[in-house]
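Visitor: Each chain is listed here by its residues.
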Amino acid sequence: MSNMDMSVDICGVKLKNPVMTASGTFGSGVEFSDFVDLNRLGAVVVKGVAAKPWKGNPAPRIAEVYGGMLNSVGLQNPGVDWFIENDIPFLRRFDTKIIVNVCGHSIEEYTDVVKKLRGRDIDLLELNISCPNVSEGGMSFGTEPEMAKKVVSEVKKYADKPLIVKLTPNVTDITVIAKAVKEGGADALSLINTLTGMKIDIYRRKPVLHRKIGGMSGPAVKPVALRMVWQVCKAVDLPVIGMGGISNAEDALEFIMAGATGVSLGTANFIDPMATVKTIDGIEKFMREQNISNLSEIRGIID
Amino acid sequence: MKKTETAKVVSNKRITDGIFDLTLECPQLSVMAKAGQFIELYPDNGANLLSRPISICEAGENTLRLVFQVVGKGTDIFSKLETGSGVRVLGTCGNGYELKNGSALLVGGGIGVPPLYETAKQLIKKGIDVTVVLGFRSGCFLNDEFEKLGAKVYIATDDGSVGFKGNVVDLIKAKGLKADNVYSCGPKIMLKFLALYCEEQGMDVQVSMEERMACGIGACVGCVVKIKDEAAEDGWTYKKVCKDGPVFDSKAVIWE
Chain A
1 MSNMDMSVDI CGVKLKNPVM TASGTFGSGV EFSDFVDLNR LGAVVVKGVA AKPWKGNPAP
61 RIAEVYGGML NSVGLQNPGV DWFIENDIPF LRRFDTKIIV NVCGHSIEEY TDVVKKLRGR
121 DIDLLELNIS CPNVSEGGMS FGTEPEMAKK VVSEVKKYAD KPLIVKLTPN VTDITVIAKA
181 VKEGGADALS LINTLTGMKI DIYRRKPVLH RKIGGMSGPA VKPVALRMVW QVCKAVDLPV
241 IGMGGISNAE DALEFIMAGA TGVSLGTANF IDPMATVKTI DGIEKFMREQ NISNLSEIRG
301 IID
Chain B
1001 MKKTETAKVV SNKRITDGIF DLTLECPQLS VMAKAGQFIE LYPDNGANLL SRPISICEAG
1061 ENTLRLVFQV VGKGTDIFSK LETGSGVRVL GTCGNGYELK NGSALLVGGG IGVPPLYETA
1121 KQLIKKGIDV TVVLGFRSGC FLNDEFEKLG AKVYIATDDG SVGFKGNVVD LIKAKGLKAD
1181 NVYSCGPKIM LKFLALYCEE QGMDVQVSME ERMACGIGAC VGCVVKIKDE AAEDGWTYKK
1241 VCKDGPVFDS KAVIWE
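These protein sequences, in sequence, are chains A and B. Quick note: the first sequence, position 236, residue 236 per our numbering, numbers continuous. Quick note: the second sequence, position 226, residue 1226 per our numbering, numbers continuous.
Simulated from the structure, these hints should not be mistaken for lab results. Where is the CB? At the ideal position from N, CA and C, for every residue including glycine. Please note that a few of the clues may not be correct.
Claimed, not checked - Residues from chain A shown here face chain B by an in silico Cβ test under 10 Å; the list is partial:
1. D112
2. P207
3. V208
4. M274
Unchecked claim - Dumping the calculated BS3-like pairs for lysine-lysine here, alpha-carbon to alpha-carbon at most 30 Å:
5. K1175/B with K55/A
6. K1152/B with K206/A
7. K150/A with K285/A
8. K116/A with K55/A
9. K1126/B with K1243/B
10. K1152/B with K212/A
11. K1152/B with K1188/B
12. K55/A with K1165/B
13. K1173/B with K1251/B
14. K1228/B with K55/A
15. K1073/B with K1126/B
16. K1013/B with K1100/B
17. K55/A with K1243/B
18. K1226/B with K199/A
19. K115/A with K1239/B
What the hints assert, rightly or not - Listed next, with one range per pair, are the computed distances between beta-carbon atoms:
20. G119/A with E1233/B: 24 to 32 Å
21. K1228/B with V224/A: 41 to 49 Å
22. I298/A with S1085/B: 55 to 63 Å
23. R120/A with K1073/B: 54 to 62 Å
24. G1127/B with F94/A: 42 to 50 Å
25. I298/A with M1001/B: 53 to 61 Å
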């Protein structure tokens, strides 16, 4: 079909296709540029950026589990100044959108990052109030509706780009948090961050991760993520970026039918560095075969 | 530049308890291989999804030889790969050793021995005098191949079943072994005491480190070790074994 259009609109930013990279799994694209033509991606969602360099947690930070993995990296990153100087110029060489994941230990740290990003050549902000691997901030902001709303409203005061808020699945009812951050001024939502999990080495009689618990991701979490995306899309009228175990076009299309505007691949990048482009090709093939000219024809068709 | 390809298994045989010798035809990777680098192998069984980092034991024109230990589900799968079958690989990963002029002492512990084989081969090709110290819990492997290359080989075993009874550092001390450059790979505890002794003796030590990884290409930031960094507030930073390493200057490592 000649008039087939894969593009999607997120808060007025037009992505050439719905496929993005989940924060923390793709660096800022440099590491994957041997395998992926970054020009093909709808957007690159960069690894979490903090006001100052963060060291992260001691190793081991990685444990494999059935159908997925645990990580307890703890948002190691070189800080926003380094990001502005190095990663923005690198990514701007490519025809893709830049979504900056913002992390902090306190409201002030979040707003510090957003203030420094004002006027910079980026497209969207993603507020990380859902990382399970930091002891202050992170997920603790994303599990209490009032707190989540407050962080979002403070960050919104300084944000000069649309604000996506990334939600944690480690709550009783994710739609309550989704509604709260919308009230706080969120322009879009992304979900899910990782599910807290654990693995024990029975021979050493110790947890595999140094921090004992970490965040679970990978294909095994996909049904949980899909359910939550569907619930949030029904409950809140905001664009949603779906993620959680998406590895291929079939997975991505499920999320779109559940209501997601965009989709992110995370752990899949570790299993196949070309997973993003293969997913884009697969969505295109599906659209052609099914006579779909625009993804809006299938978005949210599941009641 | 890193690449992925489906490698063809040329041969796969058990050489001693739990140790396998796997040769893969992977021409895109083999041309890039350097001593001390590693490649990632994918189990591709639907349940164990992450690739496994395995050091390069020997690089041929079209082939890579990997000598690995079965330590879990992934390596168990690789130990059962049949000749002619395919396995997905990514590489080559990491920096590898800097092959310096001047006499060389290569020190390996257990499954840290294989990457020293290509290293010895390259050094000997450069006309460098190579002494190899291999440490094992019990028994030994690859020692005769090092000898065939023309290296002088010493063996230490914890149980005294072969060679010197004790660890590699005690053997080096007992024999008074010295060299301009030390190239090492093995358990962290071995690397630490080797580095402390060799630095005291004025030898330069390159240590090849290991840590649990997810991606192998520097994106996940899982496989970190503490490295001195004057620019950092408290004088150190976490560096990635897969990208900044696996080989580090021992003086830069913060041992714990």
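Visitor: Give a verdict on every hint.
Guide: Quick rundown of the hints versus the structure:
Interface hint status for D112/A: violated, as the beta-carbon distance to the closest one in chain B is roughly 17 Å, over 10 Å. With its C-beta approaching chain B no nearer than about 12 Å, P207/A sits outside the 10 Å limit, and its interface hint is violated. Annotation: interface hint on V208/A holds; nearest CB of chain B at approximately 8 Å, less than 10 Å. Residue-level restraint check for M274/A holds (minimum Cβ-Cβ distance to chain B is 7 Å; threshold 10 Å).
Taking the CA atoms of K1175/B and K55/A, the gap is near 42 Å; set against the 30 Å cutoff, the hint is violated. With a C-alpha separation of about 40 Å, the suggested pairing of K1152/B with K206/A is violated against the 30 Å cut-off. Straight-line distance between C-alpha atoms of K150/A and K285/A comes to about 43 Å, which puts the hinted pair past the 30 Å bound. For the hint pairing K116/A with K55/A, the CA-to-CA distance comes to about 20 Å; that is within 30 Å, so the pair holds.
Restraint check for K1126/B and K1243/B: the C-alpha separation of about 26 Å stays at or below 30 Å, so the hint holds. Only pairs whose Cα atoms come within 30 Å are accepted, and K1152/B paired with K212/A is rejected, the gap being roughly 45 Å. In summary, the hint linking K1152/B to K1188/B is supported, as the alpha carbons are separated by about 24 Å, within the 30 Å threshold. Distance restraint check for K55/A and K1165/B: the Cα-Cα separation of roughly 41 Å exceeds the 30 Å cut-off, and the hinted pair is therefore not satisfied.
A hinted pair counts as satisfied when its Cα atoms are at most 30 Å apart, and K1173/B with K1251/B qualifies at roughly 20 Å. Restraint check: the Cα-Cα separation between K1228/B and K55/A comes to about 13 Å, which is no more than 30 Å; the hinted pair holds. Between K1073/B and K1126/B the alpha-carbon distance is near 39 Å, which puts this suggested pair outside the 30 Å criterion. For the hint linking K1013/B to K1100/B, the alpha-carbon distance of about 33 Å lies beyond 30 Å, and the restraint is violated.
Among the hinted pairs, K55/A with K1243/B is consistent with the structure: their alpha-carbon atoms are about 17 Å apart, no more than 30 Å. Annotation: proposed proximity of K1226/B to K199/A holds, straight-line Cα distance about 24 Å (limit 30 Å). Of the pairs offered as hints, the one joining K115/A and K1239/B holds, with about 29 Å between alpha carbons and a cut-off of 30 Å not exceeded. Under the hint 24 to 32 Å, the C-beta atoms of G119/A and E1233/B, about 28 Å apart, fit the expected range.
Taking 41 to 49 Å as the suggested C-beta distance range, the pair K1228/B and V224/A conforms, at roughly 42 Å. The supplied range of 55 to 63 Å is broken by I298/A and S1085/B, whose beta-carbon atoms lie about 39 Å from each other. At roughly 45 Å, the beta-carbon separation of R120/A and K1073/B lies outside the given 54 to 62 Å, and the hint is violated. About 46 Å separates the C-beta atoms of G1127/B and F94/A, a value consistent with the hinted range of 42 to 50 Å.
At about 38 Å, the beta-carbon gap between I298/A and M1001/B misses the expected band of 53 to 61 Å.
In summary, the numbered hints that this structure violates are 1, 2, 5, 6, 7, 10, 12, 15, 16, 22, 23, 25.
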